[in-house]
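Student: Chains A and B, in that order, give the protein sequences.
Position 233 of the first sequence, counting from 1, maps to 233 under my numbering, and the rest follow consecutively.
Position 155 of the second sequence, counting from 1, maps to 155 under my numbering, and the rest follow consecutively.
What the hints contain is simulated information worked out from the structure, not anything from laboratory work.
Wrong hints could be hidden among the right ones.
Chain B is faced by these chain A residues, among others (derived, beta-carbon under 7 Å) [to be verified]:
| no. | residue |
| --- | --- |
| 1 | Leu83 |
| 2 | Trp87 |
| 3 | Asp187 |
| 4 | Val188 |
| 5 | Arg192 |
| 6 | Phe212 |
| 7 | Pro226 |
| 8 | Pro229 |
| 9 | Arg264 |
| 10 | Asp283 |
| 11 | Phe303 |
| 12 | Ala304 |
Every value quoted in this text rests on a predicted model; they were computed, and no experiment measured them.
Heads up, the beta-carbon is just placed ideally off N, CA and C, and yes, glycines get one too.
There are 2 protein chains.
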Amino acid sequence: MSNPDGSGRVVVIGTVGIDDIETAHASVQGVLGGSATYASLASRCFAPTTMSSVVGHDFPAAHRDLLTERDIDLSGLHTADGLTFRWGGRYAVDMNVRETTFVRLHVLESFDPQVPPHTVAGSFVFLGNTDPSIQLRVLDQVQDPRFVMVDSMDFWIEGDREQVARVFQRCDCVVLNDEEVRLFGGDVNVPRAVRRILELGPQYVVVKRGEFGAALVSDHGWFFAPAYPLDDVVDPTGAGDSFAGAFLGSLAAAGSTHEAVLRRAVVYGSVAASFTVEAFSVDRLAELTRHDIDSRYVEFGDFAAF
Amino acid sequence: MSNPDGSGRVVVIGTVGIDDIETAHASVQGVLGGSATYASLASRCFAPTTMSSVVGHDFPAAHRDLLTERDIDLSGLHTADGLTFRWGGRYAVDMNVRETTFVRLHVLESFDPQVPPHTVAGSFVFLGNTDPSIQLRVLDQVQDPRFVMVDSMDFWIEGDREQVARVFQRCDCVVLNDEEVRLFGGDVNVPRAVRRILELGPQYVVVKRGEFGAALVSDHGWFFAPAYPLDDVVDPTGAGDSFAGAFLGSLAAAGSTHEAVLRRAVVYGSVAASFTVEAFSVDRLAELTRHDIDSRYVEFGDFAAF
Chain A
1 MSNPDGSGRV
11 VVIGTVGIDD
21 IETAHASVQG
31 VLGGSATYAS
41 LASRCFAPTT
51 MSSVVGHDFP
61 AAHRDLLTER
71 DIDLSGLHTA
81 DGLTFRWGGR
91 YAVDMNVRET
101 TFVRLHVLES
111 FDPQVPPHTV
121 AGSFVFLGNT
131 DPSIQLRVLD
141 QVQDPRFVMV
151 DSMDFWIEGD
161 REQVARVFQR
171 CDCVVLNDEE
181 VRLFGGDVNV
191 PRAVRRILEL
201 GPQYVVVKRG
211 EFGAALVSDH
221 GWFFAPAYPL
231 DDVVDPTGAG
241 DSFAGAFLGS
251 LAAAGSTHEA
261 VLRRAVVYGS
271 VAASFTVEAF
281 SVDRLAELTR
291 HDIDSRYVEF
301 GDFAAF
Chain B
1 MSNPDGSGRV
11 VVIGTVGIDD
21 IETAHASVQG
31 VLGGSATYAS
41 LASRCFAPTT
51 MSSVVGHDFP
61 AAHRDLLTER
71 DIDLSGLHTA
81 DGLTFRWGGR
91 YAVDMNVRET
101 TFVRLHVLES
111 FDPQVPPHTV
121 AGSFVFLGNT
131 DPSIQLRVLD
141 QVQDPRFVMV
151 DSMDFWIEGD
161 REQVARVFQR
171 CDCVVLNDEE
181 VRLFGGDVNV
191 PRAVRRILEL
201 GPQYVVVKRG
211 EFGAALVSDH
221 GWFFAPAYPL
231 DDVVDPTGAG
241 DSFAGAFLGS
251 LAAAGSTHEA
261 VLRRAVVYGS
271 VAASFTVEAF
281 SVDRLAELTR
291 HDIDSRYVEF
301 GDFAAF
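With these hints in hand, go ahead and build the complete structure from the sequences.
Tutor: Rendered as structure tokens:
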């Protein structure tokens with residue numbers, strides 16, 4: 001439901017997990033991770049945020065407390081019989097190169113997300129990267145969403161393209177990286193591949209380009225935002241999900257999905273992502289204030305002024 | 001010398017050659033190429049342009065006529081005893097991937113560029129990618145240049161880093177792609193690597209990022225321009241050199257090197273590069289009018305507005 005001023009609520013459907021992360025300079029074990037975690041922690045800087053996900057009985061109370069203390073509504077976070085999803089990643093000296101060292105789905109194998117009743121209607125929805133059949137079941141639950149943004153990845157696009165297309169058809173915005181856009185569009189030319197996605201029905205495609213920023217594409221044309229130039233990228237994990245969370249959160253706060261608001265959302269997304277990668281796991285993101293965000297947002301205005 | 005309105009002349013030092021180019025869709029043989037060719041053809045859309053280079057006695061009259069008809073001053077184009085420089089390149093389906101199929105230096109082996117006397121003083125100078133000792137000899141010839149921009153590549157950076165650094169020290173602006181910046185700076189982090197270059201003396205670094213556009217970096221901060229989104233990239237050859245030519249040409253036309261003028265120069269560079277890649281060789285670039293440029297320049301304003 002919308003508030004009287006038109007602002008709304010964000011519902012994030014995705015993973016919550018425990019990560020081991022290794023870079024050329026340091027490593028951490030057992031840290032809080034998952035797409036829903038990053039997206040929710042970014043979104044809550046802008047708007048009330050509900051998370052729908054599943055964890056096991058081993059999910060540390062400290063991790064749960066961190067989310068609760070940031071006012072994230074965990075009424076959709078189910079605790080299942082089993083162990084929490086675990087993921088391990090290793091980054092090369094060039095942080096653009098990542099290797100997945102292990103994936104243990106555990107309770108995610110029977111993930112059947114429930115959208116909490118008080119968020120079913122009129123929300124801003126982020127469908128984190130997961131099995132498209134799960135994403136479809138979420139879409140069956142929500143009513144008159146204000147805006148639905150969906151993420152996917154090569155594994156699903158290659159394995160079940162038809163199902164992924166069915167999800168895309170029902171969303172307002174598809175967010176993918178360059179390679180995923182090319183893969184789904186079946187074309188190495190990104191502008192042409194983007195058009196293939198837009199032809200399915202979504203009004204917008206957001207192309208994530210890592211250290212090169214992000215582009216928003218629609219019938220209105222192209223909008224480009226750079227990535228914030230950082231001297232020290234500590235851990236790129238979660239950059240894309242915190243981008244999506246801040247993007248949707250800023251839409252929900254504005255209570256609008258006009259082109260101008262979406263362009264600003266891309267910048268807010270880039271700002272959130274730039275803070276996320278400054279520390280391991282959610283260490284920086286969890287401490288983020290609206291003031292931090294607004295300061296860096298202003299800098300983006302100067303990056304493109306000519 | 002400056003004109004009364006402060007506008008100036010561009011001098012381009014680089015290669016003029018005959019190219020064979022192959023893409024996944026088509027191929028051309030014996031076409032006009034070389035860094036000085038692309039840079040001069042872009043620069044002449046903005047300001048009087050003189051080219052300093054060398055060709056052999058086999059250089060086709062049609063190629064020479066094309067340059068002359070575009071009002072490029074060829075008083076610095078020496079015809080040496082021998083054959084013209086030839087280069088062959090093959091692009092993969094993904095146009096970002098290029099393989100050099102052959103290089104025959106021919107008359108370039110004894111290239112000793114002379115800056116024509118009427119352009120020695122007060123010009124805007126582009127030192128195209130070549131042996132840094134040749135670039136130094138050019139720098140010894142010019143007097144009180146208004147602005148000097150230099151290009152280099154991995155071959156020289158890896159082979160004679162000290163000499164390349166000596167060139168950079170004497171220039172106002174270094175233009176390199178991402179990988180070359182990282183290589184010269186000895187750091188995978190581009191912002192840190194850029195700072196290593198700025199510390200040598202140049203006031204500006206332009207980072208060419210291919211389909212992701214270009215960045216201008218100085219003590220004033222970062223400026224980002226996207227690449228123009230094109231449905232059909234026919235031949236990426238010469239994109240970087242036409243970027244540099246338009247960049248310097250627009251500075252010479254403005255008669256200024258203020259930050260705001262340099263930012264606009266990056267956009268003009270991106271515009272010129274986007275036209276260059278729309279056809280093989282210089283086919284599109286040679287037909288480019290100031291009106292074409294200005295139309296696309298306006299579109300860039302909308303790409304980053306939020």
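Student: Each hint needs a verdict: does it hold in this structure or not?
Tutor: Each hint, compared with the structure:
Checking Leu83 of chain A against chain B: minimum C-beta separation of about 36 Å lies over 7 Å; hint violated. Interface hint at Trp87 of chain A: violated, since its Cβ lies 24 Å from the closest Cβ of chain B, which is beyond the 7 Å cut-off. Restraint check, Asp187 of chain A versus chain B: the minimum CB separation of about 10 Å is more than 7 Å; hint violated. Given hint, Val188 of chain A at the interface with chain B, holds; its Cβ is 5 Å from that chain's nearest Cβ, closer than 7 Å.
Here the hint on Arg192 of chain A is kept, as its CB sits about 5 Å from the closest CB of chain B, short of 7 Å. Given hint, Phe212 of chain A at the interface with chain B, holds; its Cβ is 4 Å from that chain's nearest Cβ, closer than 7 Å. Taken as an interface hint, Pro226 of chain A checks out: its beta carbon lies about 4 Å from the nearest beta carbon of chain B, inside 7 Å. Evaluation of the Pro229 of chain A hint against chain B yields a held restraint, the C-beta minimum of about 5 Å falling below 7 Å.
Among the interface hints, the one on Arg264 of chain A holds; its C-beta lies about 5 Å from the nearest C-beta in chain B, closer than the 7 Å criterion. Violation of the interface hint for Asp283 of chain A is found here, the shortest Cβ-Cβ separation to chain B being roughly 20 Å, above the 7 Å cut-off. At a threshold of 7 Å, the smallest CB-CB gap from Phe303 of chain A to chain B is about 5 Å, leaving the interface hint in force. At a threshold of 7 Å, the smallest CB-CB gap from Ala304 of chain A to chain B is about 3 Å, leaving the interface hint in force.
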